[in-house]
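Participant: As a plain string of letters, each chain reads:
Protein chains: 2
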Amino acid sequence: MKKEKVSSAVIRRLPRYYRHLSDLRLAGVERISSSALGRSMGLTASQIRQDLSCFGEFGQQGYGYNVNRLSEEIAGILGMNRGHTAIVLGVGNLGRALLENFPFERSGFTLAAAFDIDPAIAGRELCGVPVYHADRLEQYLAGHPTGIGVLTVPRSAANVTAARLARGGVKGIWNFTNIELNIAGLGTVVEDVHFADSLLSLSYMITEAL
Amino acid sequence: MKKEKVSSAVIRRLPRYYRHLSDLRLAGVERISSSALGRSMGLTASQIRQDLSCFGEFGQQGYGYNVNRLSEEIAGILGMNRGHTAIVLGVGNLGRALLENFPFERSGFTLAAAFDIDPAIAGRELCGVPVYHADRLEQYLAGHPTGIGVLTVPRSAANVTAARLARGGVKGIWNFTNIELNIAGLGTVVEDVHFADSLLSLSYMITEAL
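Protein chains in written order, with my numbering: chain A, 1022 to 1231; chain B, 1022 to 1231.
Please note that a few of the clues may not be correct.
Said to hold, decoys possible - Here are some chain B residues pointing at chain A (derived, C-beta under 10 Å): (1) Ile-1032; (2) Pro-1036; (3) Ile-1227; (4) Thr-1228.
Claimed, not checked - Computed from the model, here is a short list of chain A residues facing chain B with C-beta under 10 Å: (5) Asn-1114; (6) Tyr-1161; (7) Pro-1175.
Hints are computed from structural coordinates only; laboratory data are not their basis.
Ideal placement from N, C-alpha and C gives every residue a C-beta, glycine not left out.
Sequences and hints are given; from them, build the entire structure.
Facilitator: Right, dumping it as structure tokens:
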């Protein structure tokens, strides 16, 4: 299939499709109609068909989608089979929570290292991941081309650390700092995690329910 | 303005509008055109105008939107002025990270209490928030009507804790457990935080850049 066919709006929805298809696989479902998939995702069947029109060969009239093949196709488009590597910057509460609990490998990432300025943490291992002193970041990146940096440093260190990652050739930054990073022109893409957007949606829902 | 006019798709986007308008306020911007707001959000001017058509009185031809008033209107719709309360369930790494760093008050929530099963934590205060033993949850909820429960317990405790919150009258659950909660019929809404969706979008972006 050709990537050019997939619009950016669909790309933003692909992770959700992948998640729902994975749940279906786990439940032993082999094929699913667009209307059933739509129901489970809160979308209409026509939205589903439109979004997945570029996956035409997996969706057949009267058959629906082959869950395994559609799921693998989406995984491929999302780059889950590329052997991307990730490093964690800042092993505070949030960095540690991600290290200990987030299944990076399920998204196709290998968690290769973590960095912190605290000498009491640096030099140790956490969940099988080596933790280095932040001073060694440039040296590490020179020897280990890295896909993404997971940015969980304090806000005050956010931009400085992001710039060091970008200059070190890191392709993307997963930004948990709630700071708008200012690293334009360095060729590194940024994905911001906005907890507050999610909380405000919930706020709306409970307000409506009152 | 009438809430009936706002579609659910727009509701999902309102937090992003609110965030961008807040940034503009901080930067001292008093009014903005739909095209300028669109550029800063990666949307077209016509999308912006369509989304905010229900806020017509704040958008005028040749004037644009009054940043303060539009921002306050959206805050009102999102329920940010309702004095909602939040409690945190599970003071592990992630719960502690949210307690210590997440600005609940900026989303209109008061963080009233936290709960954990660890007797070494229960009875203490963290960042001014009292931490109680999880056994006392029902007793607490009976005396303190609560807007949302922030679910940061281990996966194994996710559904049990969610059901206790729902039966205790908690209106919404902010679910960080990566588990599909099974509390249908109890009248409590759930907002799932899916870190992996965000990581997969980033994976796509760095794969495209290769």
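Participant: Next, verify each hint and record whether it holds.
Facilitator: Here is how each hint holds up against the structure:
no.: 1; hint: Ile-1032; in the structure: holds, 6 Å
no.: 2; hint: Pro-1036; in the structure: holds, 4 Å
no.: 3; hint: Ile-1227; in the structure: holds, 4 Å
no.: 4; hint: Thr-1228; in the structure: holds, 3 Å
no.: 5; hint: Asn-1114; in the structure: holds, 4 Å
no.: 6; hint: Tyr-1161; in the structure: violated, 18 Å
no.: 7; hint: Pro-1175; in the structure: holds, 9 Å
When each numbered hint is compared with the structure, a violation occurs for hint 6 only.
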